[in-house]
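> Residue numbers (our numbering), protein chains in the order written: chain A, 4 to 172; chain B, 24 to 496; chain C, 8 to 657.
Note that these hints are calculated values from the structure, not bench results. Take every hint as true, because none was put in to throw you off.
Short, incomplete list of chain A residues facing chain C, as computed with Cβ under 8 Å:
hint : residue
1    : 98
2    : 99
3    : 102
4    : 106
5    : 109
6    : 110
7    : 113
We put the CB at the ideal spot given by N, CA and C, even for glycine.
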Amino acid sequence: MTVDAILFFIVAAGAVASAVLMITGQNPVKSVLFLIVNFFCLAVLYLILHAQFIAIIQILVYAGAIMVLFLFVIMLLNLGTEEKHVDALNMKRSVAVILSCIVLFLILIAIGLPAAGTGGLPASALVNGTVETIGRDLFRQYLLPFEITSLLLLGAMVGVIVLAKKHFE
Amino acid sequence: MDLLTPHLLSIGPLLTLVAVALLVLLLESIITKSEPVSFWTSVAGLLVSIGIAVPGIAVHGSAFGGMLRTGGSANYFSIIFFICALLTIVFSRDYLKKRDSVFGEFYLLILFATVGMVLMAAAADLIIVFLGIELMSICLYVLAGFIRGSVLSNESSLKYFLLGAFATGFLLYGIALLYGSTGSTSITFLTEHFETYASSRLFLAGIGLLIVGLAFKIGAVPFHMWVPDVYQGAPTPVSGFMATGAKAAAFSIIIGLFAQRFVHGVQIGTLLAILAAASMILGNVVAIAQTNVKRMLAYSSIAHAGYMLTGLAAGNAYGRDGILFYLLAYAFMNLGAFGLISFMEQEGEKHLTFDDYAGLGTTKPFLAVLMSVFMFSLAGIPPFAGFFGKYYIFVGAVQADMTWLAIVGVLMSVVSVFYYLRLVMVMYFQDTLIGQTASYSASSAAFVVLAALILLGLGVFPSSLLAIITTLY
Amino acid sequence: MHQFVPYILLLPLIGFLVNGLFGKKIGSETAAGLIGAGVIGLAFVLAAVIVGEMAGSPAEDRKHIVTLFQWVAAGSFSVSVAYQVDQLSMLMTLVVTGVGFLIHVYSIGYMHGDPGFRRFFAYMNLFIFMMLNLVLAGNFLLMFLGWEGVGLCSFLLIGFWHDRPFDTGGYAPGTAMTTDAAKKAFIVNRIGDFGFLIAMFMIVGAFGTLNFDEVFARAPYVFEAGNATVFWITLLLFLGATGKSAQIPLFVWLPDAMAGPTPVSALIHAATMVTAGVYMIARCSILYALAPATMEIVAGVGLATALVAATIGLVQNDIKKVLAYSTVSQLGYMFLALGVGSFTGGVFHVMTHAFFKALLFLGAGSVIHAMHDEQDIQKMGGLAPVMPVTYRTFLIAALAIAGIPPLAGFFSKDEILWKAFSQGGLGYWVVGWMVAGLTAFYMFRLVSLTFGGEARWGHDKHPHESPKLMTVPLMVLAILSVVGGFIGVPESLGGSNVIERWLEPVFAPAMAKLAFVQTGHDPAEYLLMALSVLIAAGGIAGARYIYLRRASIADGIAGRFRPFYALLWNKYFIDELYDAVIVRPIAAGSDRLLWRFFDIGVIDGMVNGTAHLVRLASGSLRKLQSGNAQNYAYGFLVGIILVLGVIIFR
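Please take these sequences and the hints and turn them into a complete structure.
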């Protein structure tokens with residue numbers, strides 16, 4: 004096993020664990036903190052795949068900006084520890100877990116487990132992650148999706164204003 | 024500039040629509056009392072867009088380095104979306120006045136959602152598909168909750184949003200699996216190399232999850248649970264918009280993926296057939312038990328998703344042409360029906376049960392006749408257009424050796440007569456219990472009449488449309 | 008002249024549009040009635056002129072296809088709005104427009120003063136338009152349009168007086184409205200349409216076209232006789248026919264359809280629409296000739312229906328119900344004829360039946376009119392001197408349907424019975440012969456109770472003869488009932504059997520396939536003829552004796568065979584059976600099984616109690632989050648498992 008592979012399994016395990024802890028946590032603030040851990044793990048995974056730019060953006064945008072926003076909202080709403088109704092949710096949880104496990108199982112069958120270490124990264128991946136290549140692709144081949152994203156954000160903004168504005172004129 | 028010109032011309036309808044949407048956005052921020060201006064701008068803009076899209080049907084091409092398909096089916100679907108948006112906007116104005124929520128932002132959101140739909144139909148790349156779906160969905164989430172004072176409307180919006188996000192996750196996962204197995208997100212590439220990858224489970228699982236994401240938007244069983252609740256709570260014209268425009272948009276992607284070259288392996292065929300049969304049976308049978316007309320139409324829209332999926336499962340030219348025909352006809356009949364319901368509806372989600380339509384044939388003969396036309400068309404009774412859509416789809420199924428599916432379909436459309444007819448019976452054969460009021464403007468009335476006339480026209484002269492449809496792909 | 012055929016259809020359509028759109032503006036009833044009846048009369052004249060021209064031209068030059076425009080086209084498959092003008096379709100057109108015209112004239116008198124007068128004529132004209140589409144269509148799709156269209160008009164007209172209660176004699180006692188009858192008719196018919204549609208899809212699959220011309224020409228080459236596909240096509244088409252023509256198992260709607268105004272019963276539910284199934288099978292004769300198994304089913308179902316309906320007709324007391332069951336029974340005869348390969352006999356009986364059954368219904372309408380909407384024959388009696396014209400014409404019709412020579416019914420019924428014997432078998436004949444006796448009996452029970460004996464109506468009623476507008480059509484139909492049979496006088500009686508010669512080219516391919524041995528004149532034919540006249544006379548005499556002289560006998564029989572009588576009175580409990588076996592389970596399935604159980608129950612039920620607890624325990628926002636939405640997500644997951652499962656394991 005290469006160093007990359009060992010690193011991958013450690014970080015991937017961290018990502019899964021932090022995600023589970025985030026969902027099951029009783030305290031919203033703790034949940035948010037686990038989410039940050041999860042984002043960091045993902046950033047490391049991107050790095051292993053030689054996607055430096057996305058790794059940085061992941062930390063800057065998600066772990067930085069969006070998480071701060073989440074924390075603000077939690078503070079403003081003054082959410083405490085979730086009320087105890089574990090009994091009520093127990094059955095729901097077990098149903099959810101069982102169904103999700105079946106889905107996971109089926110997806111695993113579909114994907115099939117490749118022999119360890121056979122894949123490796125394609126050569127192109129080594130240069131694809133740089134800012135230059137991303138920039139070039141984004142403004143050439145993916146110009147249209149890039150522009151559409153701005154429309155998407157505009158639409159979302161209008162929507163949020165419609166829903167959140169206190170008084171319409 | 025020379026390089027850009029052909030691109031700009033071929034995406035004319037899309038550009039026009041975006042320009043109109045941005046113009047409305049500007050108007051909203053500049054003018055006080057902007058609602059009438061926004062309304063008329065949107066209506067005029069949509070009419071112009073239709074005018075630009077029609078001649079483009081005959082030209083096939085692609086734009087933006089293979090990101091978009093232009094002309095042909097993309098324009099045909101665009102026209103369907105524009106019609107849906109136009110009817111929705113016109114009907115909404117009267118409706119929103121009743122609900123004290125008449126704001127220009129409504130039209131803006133409809134226009135943005137329509138842009139998303141056009142992108143879905145024109146997409147030649149899965150990235151565009153995803154962006155289009157999200158643009159459409161986000162606007163629809165907000166539109167469903169547009170009546171902010173209504174609990175039902177808020178609930179509708181929230182449910183749609185939560186489940187929609189769930190569905191998007193699977194859609195994206197499907198796209199990731201497709202990219203993982205083929206190394207490309209280009210739809211053209213995928214359809215051309217379908218046979219190469221058809222034996223790969225990873226690839227098929229990707230397709231399957233993509234279908235899951237789209238089946239949610241279509242409202243096919245078992246991804247239909249949200250439909251009745253969301254349609255019931257959303258503003259009535261918006262429910263119509265979701266049932267017609269959003270459904271057509273999701274179908275445009277599946278058709279682009281499979282029916283374009285008529286290949287889908289036995290797995291996808293079986294899968295689509297199961298979804299189709301389940302949707303037809305559940306939608307039609309459960310619709311019988313409904314007492315609320317909006318819920319009845321919601322289950323009916325599930326059933327119609329089933330009919331159209333039947334055409335896809337058949338996977339031949341009959342089935343595909345049938346769906347294309349049906350989607351346009353369905354836009355008119357369903358939006359017409361939802362429009363009439365929105366005329367009848369009163370403050371606080373009232374006047375929505377079958378009983379509220381009692382005796383409409385004598386008190387409001389104009390509305391009753393139109394409603395009957397839409398109901399008969401939905402039930403697939405000739406000479407209305409609904410019949411031919413079904414007819415083609417079922418012929419396609421028989422041709423594809425799926426006679427069992429055609430039998431299920433025809434049997435279920437027999438069942439459907441029961442509840443469509445019930446509304447007609449109530450309107451004509453029952454006495455009025457309470458005074459009915461209906462409020463609608465002249466323009467709304469004109470558009471409903473137009474929709475009914477088009478249904479009749481398409482039923483008597485379906486060839487005129489079919490001749491165009493057969494040239495789309 | 009044949010190129011003018013589209014105008015035959017256009018005329019009723021114009022009438023419909025004028026009365027339907029501008030009815031209120033027209034104002035006067037006379038004008039609306041004149042337009043409504045006039046367009047049908049003109050259509051009849053035009054049809055007659057075309058037939059006259061056809062008769063003058065050589066036999067091979069009598070078939071034409073008039074194409075108006077291409078209707079549906081995709082790839083190699085195309086269907087046009089095209090009308091097929093030939094001996095069969097024009098004969099039907101004459102019957103539809105001719106009888107239709109008389110009934111329209113009668114309706115001007117019958118519907119006088121009704122607030123829906125104009126609407127009535129608009130619907131009636133639309134019906135004629137659709138019926139003409141059905142019989143003149145040059146392909147299955149156009150025929151289906153007419154097929155659905157007449158069903159729709161029938162629905163509208165049965166429920167015409169929608170505020171009136173209606174005695175079903177079975178389900179929903181005391182609460183049923185005419186609209187229930189209308190709905191029942193429509194839905195039962197849709198079950199038949201289901202068969203028609205599937206058959207149509209199979210025909211496209213087998214032939215790639217729906218044009219009668221091509222399908223029938225190629226059928227003998229595409230299918231071997233007895234081929235499974237052609238069996239299913241013909242059987243499904245027959246299912247369609249059982250719906251429209253009220254045969255077992257779908258005959259239950261027709262007696263209830265009597266809830267409509269009487270002219271409607273006469274036109275739609277006796278003379279024209281209900282014969283659509285017979286016409287359709289005759290039109291597809293070549294397909295049926297290739298499917299001997301279906302032919303046997305058709306004959307068997309026809310015979311069973313004839314017997315069952317005739318026995319029910321024996322005990323009914325509603326004047327229109329008796330006639331309705333009589334119609335079902337006579338339609339059974341027609342299917343018997345088709346089933347044994349006598350297509351001409353079936354069509355011939357369609358025609359004569361149209362005359363005398365329309366006459367019977369219009370006569371009944373005249374009686375009901377005079378008795379102020381009383382329909383119970385036990386409360387009539389002694390009407391003959393009061394209403395002489397109605398009585399005499401009704402009597403002629405009753406004699407005709409009973410099969411007394413030389414009235415019209417004798418020739419057509421005799422043709423059927425003879426073919427049932429010679430091409431079917433002794434069993435077919437025996438049952439058919441018994442039904443003939445039953446027919447004579449229940450018809451004269453009706454005549455005796457209504458017109459004969461003592462008056463059993465109260466002093467508040469003042470029956471009177473109907474106005475000329477109503478009696479003149481009765482007289483015309485009476486004449487037709489007398490002479491209508493002469494175009495089918497068999498050669499054995501020295502006739503030339505005009506109708507058989509006329510229709511011969513249409514059925515020639517089918518007859519060639521069936522290849523019956525022509526025995527020439529068989530002395531048995533005379534014997535059977537005599538026997539059927541005998542049993543008819545016996546039935547008439549028996550009925551007159553019992554109901555005019557010894558009314559106590561009837562009660563005595565009813566008393567002695569009480570269970571059997573109850574069975575007949577309740578129409579073999581078929582409505583109740585369908586209600587219990589089909590209607591209720593579907594309604595319950597929709598409400599409880601699929602909706603409450605599957606849609607709400609299964610998914611919600613997994614967490615039913617818990618979700619409830621949560622709802623009680625938490626605030627409004629949480630109610631939404633912990634409520635249905637999560638359960639819907641579980642449904643979603645189940646769906647994903649299904650999708651992936653199919654992909655992986657298929």
